[in-house]
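Please arrange chain B on chain A, whose structure you already have, making use of the hints.
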Amino acid sequence: MTFATITGHEQQKNILRRALSKNRIAHAYLFEGPDGIGKRLMALAFARALLCLKSTGCGDCPACRKVDHNNHPDVHLLDAEETTIKIDQVRSLQQELSLRPLEGKDKICLIDGAEQLTPGAANALLKTLEEPQPNTLIILLTSHPEKLLPTICSRCQRLPFSRLPKQQLATILCQRLDLNSTEANVLAALSDGSLKKALGQNKQLYLEKRHNLIQSLSALSSGSTIPTFSLADELATEKDLLPDILDIFQAFYRDVLLMKHGRPKEELVNLDLLESLEKQSKILSTDSLMIKLKALDSARFHLQRNVNRQLALEVMLIRMTAA
Amino acid sequence: MSYLVLARKWRPQLFDDLVGQEHVSQTLKNAISADRVHHAFLFTGARGVGKTSAARIFAKALNCLNGPTTEPCGVCPSCVEITASQGIDVFEIDGASNTGVDDIRELRENIRYLPSSSRYKIFIIDEVHMLSINAFNALLKTLEEPPAHAKFIFATTEPHKIPITILSRCQRFDFKKIGQVAVQERLRFIVDQEGIEISNASLTTIARNGGGSMRDALSTLDQVIAFCGEKVDDDDVQTLLGLVSRRLLVDTLEAVLERDTRQVLALVQKVDNHGHSFRQFCQQLVELTRALVILKVVDQPEDLVDYGQSEMQELRQFSAPVTLEDLQRLLEILIRTEADLATSHFPRLTMEMVLVRLSSLPAGVDVATLIERLETLERRLAAGLPPEVRVVERQPHPVLTDVPPPQEPVEKKSEALPVEEKADKNWAGLVEFVSSRRRPRISALLEQSSLLLLELPRLCIGMPGKYFSLADSEMRQSIQDLAADYFAARVKVEFEKLGNGDKIPPSLHEERAQQESDRQKKLRENATDHPLVKSALDIFGGTIETIKPIDKGFV
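From first to last, the protein sequence lines are chains A and B. Just so you know, the first sequence maps onto residues 83 to 405 in our numbering. Just so you know, the second sequence maps onto residues 44 to 598 in our numbering.
In isolation and in its complexed conformation, chain A is listed as follows (with noise of 0.2 Å):
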């Protein structure tokens, strides 16, 4: 992996050749920005880049390849155990970084998912962070920045990753996935700038469940209080699919909200649905359309706090069928 292959992220990339380059590399590293679009990526092309034999990042050497195949022994990566990373793992990543690199010039390690520290861990790591041993580089990547620690931010260099631009993720999706312009642009715009989520399974329900999905909650109404349960007894079954199906509904109803309000087609994410989003913008309120927005925030809240998922969806729905 190099900086060329990653897509996006011109910016970071610049600040991190230039660091190379000038030989201005800060011990330790926060990359924080949004899930799947490429922090890791670019934190390995940058050790690899840092290791490499030829100093180029080539490829080629010993150096790179290891990198690349995760076996570079001067290469720490810790991810959490479970959910959390625990202090032990700290330590025993402390008494790797107190010896001498084995083979290159410099010791990396990266912490993926930064925000999983357990405050025990994340104090422990303090002092290591402050002032590691000469030749030491720590990379700290996280979704979450403010559910760190306060004073390991102030020890980090920090680089702020943004999503991928919409236009940018479609035509990618338009060259790999051989999709239609509008196909690739409801994707790029549901998925969020995340190109890991883009390419992921959801591509499926993205693009075909989603129509019968905003079909069967737009054709709800107060009085309709069977298919309400059932669409929530059928909702409840999704498990995994949940928080992507409520993206669905919160992306169509902020349609909704965009149109009412005169917004261009071209911010809109759903495209191919139109006539529905026509229809729906001249019945709703703005009022009835911030409720039902409002319940589908709150719905996620509850789910992502392990709530009676049916029980949830059903406040969800009635609420926004009341609205």
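Simulated from the structure, these hints should not be mistaken for laboratory data. Glycine is no exception: its CB is placed at the ideal position from the N, C-alpha and C atoms. Be careful, since some hints might not be right.
Quick look at which bits of chain B chain A covers, simulated, 3 or more residues with Cβ under 8 Å [unchecked claim]:
hint	region
1	125-139
2	248-262
3	269-276
4	520-531
Calculated cross-link-like contacts (lysine-lysine; reagent style DSS-like; alpha-carbon spacing at most 27 Å) [claimed, not checked]:
hint	chain 1	residue 1	chain 2	residue 2
5	A	Lys95	A	Lys168
6	B	Lys52	A	Lys209
7	B	Lys204	A	Lys168
8	A	Lys291	A	Lys278
9	A	Lys187	B	Lys52
10	B	Lys204	B	Lys220
11	A	Lys104	B	Lys564
12	A	Lys321	A	Lys364
13	A	Lys229	A	Lys104
14	A	Lys209	B	Lys204
15	A	Lys95	B	Lys204
16	A	Lys229	B	Lys564
17	A	Lys361	A	Lys347
18	A	Lys291	A	Lys168
19	A	Lys278	A	Lys248
20	A	Lys376	A	Lys347
21	B	Lys72	A	Lys95
22	B	Lys72	B	Lys313
23	A	Lys248	B	Lys313
24	B	Lys565	B	Lys535
25	A	Lys376	A	Lys361
26	A	Lys347	B	Lys313
27	B	Lys274	A	Lys104
28	B	Lys219	A	Lys209
29	B	Lys274	B	Lys72
30	B	Lys591	B	Lys564
31	B	Lys509	A	Lys376
32	B	Lys577	B	Lys535
33	B	Lys313	A	Lys95
34	B	Lys204	A	Lys229
35	B	Lys219	A	Lys229
36	B	Lys220	A	Lys209
37	A	Lys248	A	Lys209
38	A	Lys95	A	Lys278
39	B	Lys535	B	Lys564
40	A	Lys364	A	Lys291
Positioned in the frame of chain A, the structure of chain B alone reads:
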């Protein structure tokens, strides 16, 4: 990779380098020169304000060969070793990694021996708040009376996690956040030394971004230098820090205040296109709104908000037609949104929703205006209803009683009613009154029950056995209240259970049923007696099946 980040390279090495903590350095210096150095210190304060640096400087000052001195020389072996964190008599312990009681026992083992080459054995425990409770307790005796050659320095960002018994054994120093000007001066000094060209405006931005922490500011500066190289451009700093241009912010607020939802949404799109984080955007909107509020309420806002004269003028003009209430409401909602955005799944939508909501809110009215309007209304009402005015004016709180809620007309009546009218009030009236107050459960119960006694204040109600269980104390209280309202006197309600055979006055329900059947009987008699009916029966030789009244008022 021999590069040291600026925060490490420019770590203060003398008390005088310690920016913004004069109260600490002066105290420590005086303690050294007066030879009154305590044996345990606790340094607390936010991140990156100089706690660890102060601890190291203090250690050097105590152990310097020419000392103890207020100005460690920095060249003697002791100073050099401490600077390189290699001192054999200065133990810098990572409190967050060595948290257990065993680590403390090791330390206690160690502390008994005299220092090998220096004056004091100094234990710096950084991040001390992470020590376990047992570890803290194991330290107590040592901390109270350590050997004469030992000094403790604790540093932490979270003093509230430290047991009170430890706190009471230490001299505590609270490090302040460093003022923006001080940070900026220090930054200027460093960039000059590093040979980097940067404008004062950019340094101000960087210093502000640090939020009172020198290390944060230096990390940011590092980031900026990494991006821009030796020559730093102002625009680059803005983009790199993700700062939204002030123009865009003012435009957004303007669109919100003009209730132009379309424009608001267009601006959100623009913010997104620029790749700004919405949280940052919201934070800056909060800052701007705060500035507007301050401009409204303070005459000389120069110290409180950080804007140039011309900008201030522009903002003042901009905020002139907006009421303070509206601005405060705006501020409140934006602050709440900022917190929501941190956890939001789809920040852009959250921002859009809030801004659309803000721009469709009706204009706020302040409480003073409302009260004024209420008073005017009162006066006019009072003028229109002269007989009641006297009653009202005798009330201690005219504002409260003058405009009674519409659903309680009886209360008003009861105040105005003459006393003799009470005689007219009877059981049936009470039941009707209860049902008119929309208490269906109580009125239904009362209809089924019969009145045993009504001698105010005593009201005795008899209930058939099957309903008696409903008559709990809560029910009694409600009936008591309602009856008190109705009779305009204090009433004491009693319930009695009625058996089947008891001789009792009929309940309203029974009475009504009785009346109904009487009426039926009379109707039948009337109908059969009617000559027309009689002749019809005679002629056709039929019988009377049913009798239906044509008109309710017939009998």
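How the hints compare with the structure:
no. : hint                : verdict
1   : 125-139             : holds (count 3)
2   : 248-262             : holds (count 4)
3   : 269-276             : holds (count 3)
4   : 520-531             : violated (count 0)
5   : Lys95/A x Lys168/A  : 31 Å, violated
6   : Lys52/B x Lys209/A  : 16 Å, holds
7   : Lys204/B x Lys168/A : 21 Å, holds
8   : Lys291/A x Lys278/A : 20 Å, holds
9   : Lys187/A x Lys52/B  : 21 Å, holds
10  : Lys204/B x Lys220/B : 20 Å, holds
11  : Lys104/A x Lys564/B : 113 Å, violated
12  : Lys321/A x Lys364/A : 33 Å, violated
13  : Lys229/A x Lys104/A : 32 Å, violated
14  : Lys209/A x Lys204/B : 19 Å, holds
15  : Lys95/A x Lys204/B  : 41 Å, violated
16  : Lys229/A x Lys564/B : 84 Å, violated
17  : Lys361/A x Lys347/A : 15 Å, holds
18  : Lys291/A x Lys168/A : 40 Å, violated
19  : Lys278/A x Lys248/A : 14 Å, holds
20  : Lys376/A x Lys347/A : 24 Å, holds
21  : Lys72/B x Lys95/A   : 47 Å, violated
22  : Lys72/B x Lys313/B  : 55 Å, violated
23  : Lys248/A x Lys313/B : 14 Å, holds
24  : Lys565/B x Lys535/B : 41 Å, violated
25  : Lys376/A x Lys361/A : 21 Å, holds
26  : Lys347/A x Lys313/B : 15 Å, holds
27  : Lys274/B x Lys104/A : 14 Å, holds
28  : Lys219/B x Lys209/A : 21 Å, holds
29  : Lys274/B x Lys72/B  : 39 Å, violated
30  : Lys591/B x Lys564/B : 12 Å, holds
31  : Lys509/B x Lys376/A : 48 Å, violated
32  : Lys577/B x Lys535/B : 57 Å, violated
33  : Lys313/B x Lys95/A  : 24 Å, holds
34  : Lys204/B x Lys229/A : 20 Å, holds
35  : Lys219/B x Lys229/A : 24 Å, holds
36  : Lys220/B x Lys209/A : 21 Å, holds
37  : Lys248/A x Lys209/A : 40 Å, violated
38  : Lys95/A x Lys278/A  : 19 Å, holds
39  : Lys535/B x Lys564/B : 40 Å, violated
40  : Lys364/A x Lys291/A : 25 Å, holds
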